[in-house]
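**Student:** Taken in sequence, the protein lines are chains S and Z. Note that our numbering has the first sequence beginning at 1, numbered continuously upward. Note that our numbering has the second sequence beginning at 1, numbered continuously upward.
Read the hints as simulated data drawn from the structure, not as lab findings. Beta carbons are placed, not taken as given, at the ideal position from N, Cα and C, and that holds for glycine. Take these hints with a grain of salt, some might be off.
[To be verified] If you want a taste of the chain S side facing chain Z, the calculated C-beta under 10 angstroms gives, among others: (1) Asp68; (2) Gly79; (3) Asp100; (4) Arg105; (5) Glu138; (6) Phe143; (7) Gly153.
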Amino acid sequence: MLGRIVTFYSYKGGTGRSMALANFAWIMAASGKRVLVIDWDLEAPGLHRYFRPFLVDPDLLETDGLIDMFWTFATSAFGKTVSGEWSTVDQKAEVAESLDDSTRRLDARFFPKNHDTGAQQGYIDFVGAGRQGSTYSERVNSFDWKRFYELGGAEILSEVKNHLRDRYDWVLIDSRTGVSDTSGICTMQMPQTVVAFFTLNRQSIEGVAAILGAIRSYRSASVDGSKIGFFPVATRIENAEQAKLEIARNFAREKLKGFLPFEMQSRPREYWDKMEIAYRPAYAFEEVLAAFGDATGAAGASDTMLAQVEATAQQITGDYNLRMPEIVEADRQDVLAKYAFGTLTVALPKETETADDTEFLRSVRKKEQSWRASDFYWRRLLSSRELDLLTAKDKEGFGRGMLYYLAQSEKMQALLKRARLTGPLILALLFVLSITLLSTLKEQLFYSPWSIIAKPIYYVVGFVLLWLSSVFISSLVASPTPHGIRRTEVFSLFLMGPLHPAVPDYNPERDEPSASRAPS
Amino acid sequence: MRGSYLEQFFEDLVAIVAQYAGVDLQVQRIGTIDRQVLQGSDWDKFLSQPLSNDRAFIAIMTPLYFTRENCGKELFGFVLRSRNLGIDTNGALTDVENVLPIRWMEEEAYYSNTNKESTIPRILRRINDTPGDPGDDNDRTEAIKRYRKKGMEWCVKVEPHYTELLKLFALRIRDLITLPPANGISFATLANAFDYDWKNHFRNQQTIVAAQPPPPEKVMPRPLDSVVAFYITNRQFENDPSTADFADQLIAEPNTDAGSATDPALGSVLAEMRSAGLAEGFTVFHAAANPAVPDNAQELIDRLTHLSQKRILTALVIDSNVWPNAPTPEPTSVVIEEIIRSSNWTGPVFLVSETNIVINVETLMRDHNLPSRLVVLPLGAEARIAIVRQAFVDTRGRLLTMSTGDAPGAESLPLLKGVGTEV
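Just need the whole structure built from these sequences, with the hints factored in.
**Tutor:** Structure representation (structure tokens):
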């Protein structure tokens, strides 16, 4: 299936656009998607800051990026259009190669989509704005976009689009603000979806409404006429001035009501509940991914940045099971230190007594992700041994996602216990019943030679049917069942009774992200 | 921080080599990188010890590597440990042991003029810089291909190529023989391998006869991607043996195959122009008119104009001793000023000042009625490279904007309409 190109746009700066994009990318990669993020805000690049701990060259001093790629494209377009004599290279291959040149994969491990089929592993590839340094601004400002298009730039970009949609599930573009040259390319030509950020003031709201209108009319007039989806998001919401907030909110909702996804237009309340991101001063000072910025303790309730970026991602993808993966506190602190100090490795004091405990907690969290990534396969829940090992203190450190996982695991254990008892019980009851029946109906049953052969067959068939249906009924009424388990699975568990397989313990081979291959 | 890819590579290579050798890095340190001389350590010993005792020498080949004295000294110290070291008739060292060169940069970085790979110095020509490929694993073949094309820096952390390459390097290091340690090496007294008189060193030995290497593959300038710099100088230089139709002659750099007789001051300008180009992704060609200080303006203007029309970047590099500081200015200055004044070609004019005489560009332009394309290159490589880079990028931008000719059926740039426009 072809991937989706999503542009994150805001009319004015400072709306938290890059932050939302970075978090969205993280969530998608964590759920096993191949993600590409492109920093197209050439005049004020900054997306790389969110990925600092995961880049070899966090300041992009030695890494090519988008603008370097576009200069290669210009050369290629030029060779083809103007001075044909030097054009020997196939454009398709050249596009692929220059993309390759400036793409860097983040050094972070995510979980494969499906362990049983060995399907794809999620990752984030990153295209920065360009090699930073003294000539960066010159490189950006001397690029003549108009001329590039006259040389056949649109054709190259559509080649880029095809290439990217082929290679990635999600391509996320951090667009330039306002009505500049590049914001037109980012919002009108490239995407299938535009996520538009605005703050609750008149300029921002009217700006974004006008832009969305312009995109829509451009797309309906252009040749391919393909549909484009919009997702407006209100950001920097502060609850201090309640009355004014209400007025601005209503104004925004009225202005943008035509731009909500079609199925949401009849229930705007439900849409907007998920598409507001509150103002959080802590995030204004430092570019940190919400997965690391917010502690995921039980206190990390629904109004954290983490919860809000999750909600936004759920709305955009339509997948309401998306979650930011939870991490062990020690690991979170490690990453936070890297945010602060760049690549400098900070030697944190390691408490040796608790190292095993931390390892255990890490494995429990890995299991949670593996459960999520395997479409909630019940054998990825916690085993009874693991449930026993978790202390009350461990559970205090769990966020919503982990608590949910814990609850599901407990339900699973209860279900297994019931299945273990129910199967044999039904069997015993049926046995007693049939013995009684046989002894009372003996006379009528065996009155002719014919029935001596036929009746036992009827009897056995009847017995099996009765057994199956009672197991089926008992599995139907069995509740509560953990999320994601299928009725057929419950049924087979009940059928097998004590013979059913247990929930296995953590197994690094199955529950780990496929590590870069170790030397053999 | 610059050099972060290099540091990452070093760390990862050390880790994987340790793994193969069964060394616990917590207990025993292996590998030395020469950028990390610790404060308070004996720096000479820090550098000499590994040169005399370590198993392998990894040369990270960048174009700058061959110009650095310290790099040459390190190489010299290690190379002398090879047991049957010799030299062939092409000037390449033979039987070098345990030196593993790594191509750090993309293949364009090793170009000089129209020749591929000619910046790699003569003495290293016989050492293979690419891991062997038995061809039984597609991933490995692909990784080696990328390594050749884009260099090791690009491959750092790009999976699966990175792991594949690290593995190949580590296996190679593991399988090297152990060389006897050298005694009494002191880094300070070592010679620079790149300008050492190797012929003389091996004068009592038989020189191995080697076949003339085949002429290297040729590269040609591409629009918006290459710079042809014309040098107006009366310094001595050696011709690049290859010829091209875009210039009367090509100048060879001193550190490449041919240019041993090129004047060192001119040589450093050539190297700086090439480095500046490389930093911005340009291939630089060093050209000159014949004679290098032209007596006729029109010919050179025609050359420059032709290149500009092809949208190939051009630059004029003038030795300030030829103009404007020549003791006898006429008639050269008339010719040169005519070339500078010509608006038919696009590109900067660099004035190379070798002395402390200050050149005031503003007065110069005003007095001689010249357009504002003069740039003075001050002393010092870094300052020069920064200025040249800026000028190159600027020229490329102008060439793109000035270009004419549209692609058939080209769409126009989509522009967002703001508030207040009719939709």
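**Student:** Please go over all the hints and tell whether each is borne out by the structure.
**Tutor:** The hints, checked one at a time:
1. Asp68: At 7 angstroms from the nearest chain Z Cβ, aspartate 68/S passes the 10 angstroms test, so the hint holds.
2. Gly79: holds, 6 angstroms
3. Asp100: holds, 8 angstroms
4. Arg105: holds, 6 angstroms
5. Glu138: Since the shortest Cβ distance to chain Z is 5 angstroms, the answer is holds.
6. Phe143: Phenylalanine 143/S check passes; min Cβ-Cβ to chain Z is 7 angstroms, inside 10 angstroms.
7. Gly153: holds, 8 angstroms
Taken one by one, the earlier hints all hold for this structure without exception.
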